Amino acid sequence: MRKKIAIFLMLILILLFFTGCYDSKEIDDYAYITLMGIDKGVSDRIRLTLQVPEFSKASGEGGGSDGGQNEEEKIDKENFTVDATSVLSAIANVNANIPKMLNFMHLKAIVVSEDMAKSGELGEIVAPLVRYRQIRRNVNVIICKGKAQEFVKSARPYLGGLVTETLEDLIERSRYTGFYTDVSIGHLSDEIKSTYSQLLAIYGAINKGENFVEDGPLYEGGYKIPSDFYAGDVPRKGGQEIELLGTAVFDGDRMVGTLTGFEAQMLHLVWGDLRRSVFTIPDPEEPEQVIPLEIKEFEKPIIKVDTKTDKPHIEVKLSMEGDITAIPSRINYEHYMKKRTIEDVFEKYLEEGIQRTFKKGQSLKVDVFQFGTQAVRNFWTIPEWEEYNWLEKITQATLSVEVDFTVRRTGKLTESQPIRSTEGEE
Amino acid sequence: MQKEGNFGYREAISMFVIAMTIKSFFSSPAAASKLVGTALWYMILISGLTAAFLFMFQYLLLKRFPNLSIMEIADNVLGKFFGSVLSLLCCVFFIFTASIDMREFVEVMKIFVLPESPPSFIMIIFSLSVVALSFMGLETIARFSKFIVYVLGAGFLAVILLSVSNFKIYRIFPILGYGLDRTIFTGIVRSSFFGTITVIGVFAASLHGPREIKRIGFSSILISGIVTSVSALSFVLTFPYTTAQELLSPMYAMASMVDLGGFLQRVEPIFLFLWNFGTFVEVTVLFYAAVMIYCHVFRISDKKPVILPMAILMYGMSLIPRSLNEVVNLWVHLLRQWGWIPYFLPSIFLLIVSKFRKKKGDINNA
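Protein chains in written order, with our numbering: chain A, 1 to 426; chain B, 1 to 366.
Honestly, the hints are just simulated from the structure, not real lab data. Here the structure is a predicted model, which is why all the values come from computation and not from measurement. Take the hints with a grain of salt, since some may be wrong.
Said to hold, decoys possible - Negatives, chain B to chain A, calculated, CB over 12 Å:
1) E72
2) G79
3) V151
4) I188
5) P240
6) A244
7) E246
8) L248
9) E268
10) F298
11) P305
12) V306
13) G316
14) F349
15) K360
16) D362
Unchecked claim - Here are the simulated BS3-like pairs of lysine-lysine, each with C-alpha atoms no more than 27 Å apart in a straight line:
17) B/K168 / A/K311
18) A/K100 / B/K168
19) B/K63 / B/K359
20) A/K338 / A/K304
21) A/K348 / A/K300
22) A/K360 / B/K168
23) B/K80 / B/K358
24) B/K168 / A/K317
25) A/K25 / B/K110
To be verified - Chain A side only, calculated, beta carbon under 8 Å to chain B, not exhaustive:
26) D23
27) R137
28) N138
29) E172
30) P235
31) N332
32) R377
C-beta: ideal position from N, C-alpha, C; glycine also.
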């Protein structure tokens, strides 16, 4: 009898376990949000735009690659915009109108409008999202020029694939170009409260090709620093509409300015995390020509911060190496004696670029190079460090930069022969 | 003499190491970070050293009374009545600690994994698992611990190594945190973090003599101290001290941030595995110790009929706190701040009284 009762109880327990737990849900029950845009609202506090791409049954396709449907209709169907008091109340409003439950587990990026960022509400509206269990700490944050709503709608997959893939690859690109900083919502939450450094976020915009001048008089101006633009200003046509270039800088949770793509490269060089990048410098002997260099770090940057005085002094020493990829002037810079000229010019180019970026940061009262992470090593305790107040002291700091650059290779050519024509040698 | 099962020092060390280190996967690191800041990782070592020092008194007591459990020693030294009172106080403390730990686990699970499941549902299933393992006896608990410790160790190492890309060395500075004096004081007070080692006194009769108890005790504290310190160090290197204090489960947050090459990501399930099994062992150890004490006091030879009622009691106690905040900010905080008293003081008290009353165990038992 006891055996029968025991078997009966075991069967009931097995049934209990087979029913699954309360939280089990089918994948199809959810509509996965890939991008979220936050603007200042008109009829309520915030305007939330959610992109919920339609994933087709074919593997690897989704979010815009279904050619049978009108593109405009598809964009409208996949992007919801709603005004609400908070993000969760906006979600609740949208959930009332669609058959599937919205879910943030595959959220790739949060796009915040520049207006919202400048208003200082980042800490009130965006940073608290890190508390929500569905939003992961490594969701990227992009500050966009103009409306986040337009940015989110313009984010489409590039060359097929998924929009999440496109964004992920685009953001990953910063390791090679250095044109912006890869920042997540976890970083955002850390940096706005940090005593070591301040928030630097990806700066994005929509570029529909308005800056590209199709016809007109040909360019006869001098050398221009490449990528010295803000997002949305690059004179290009075609390709992705969304453009990530430059860095939004924050003092606390208020956006106070932006750095161009070139200035963001300076940040990465000093941080020592730029893998390989291309810089183009003016030819020292023929200034109307340029010399493109492909450079990489030779040794980790050495940064020293002296905090003994009221005005901290910072020393940065960079050690780079690179290859000359073209010599349009055909001057024999490949020769070991002559290459020193290129090296000197590039060293000065970087020193000036870093100084310029540093001063810009100081004018915005932001430690753009995050030298605080080095300065803290001079302090033994947290109260001492906090009393020193590095974020205030950086505005008075002085910087000296030393760059050591060596040209290692000159590509597939070891010298340049002159061009010969009926007019003689060039 | 209550001897239960036959297991060696490896099984016992596994059991105690899991029971002690699992707490670092919950709210304790964040709470400690609030007190000591960047000095968290070596504050844990100070706690470990303090715990080892305090455990020494329990070892000396157990050496004085070879092969007797702490309850039997209490009866011997204080007499049956006062010995039972002291033992029952320890029983209540252990069951209370087990209930709070279970509740903390359930609340954290609700936040990160099972938001819609009622807490009671999770607690019932958890309690039933504890009951099932307890029914099997101490030897099974110990052998299960030895089996699972390798898996847990590998998972733990995996989470730490995968998180290396998120480490930033500057976050360890300023190296003295909020001050060395504060770090030392907090370290000494929070030696209760390693207090579970005192359960060795309850299981003493099942271990092979004072020499083995010494080996188990100090080895467990050493290994737990190193493991907890490593996890604290990784936590300090991942989160700046200003935000580290905010996190409910820093280790889970670390695991969720793993993203290597865009390919290896979302590895929290590894961590969930560590969490679940580790908490399961910890709660079972404390629960079974309470059952053993209770059965000794009331001279119950067969523990099985007592296990289910005690589990219901544990379940009921775990429902008392009204929210996660009450669990973390009140009860867990109290346990960490003052837990060293019920963990370590009874043994010190018994040692002093036994010396005063010139009580000693039978050396033939050694």
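Worksheet item: Where does the structure disagree with the numbered hints, that is, which hint numbers, in rising order?
Response: 5, 6, 7, 8, 9, 18, 20, 30 and 31
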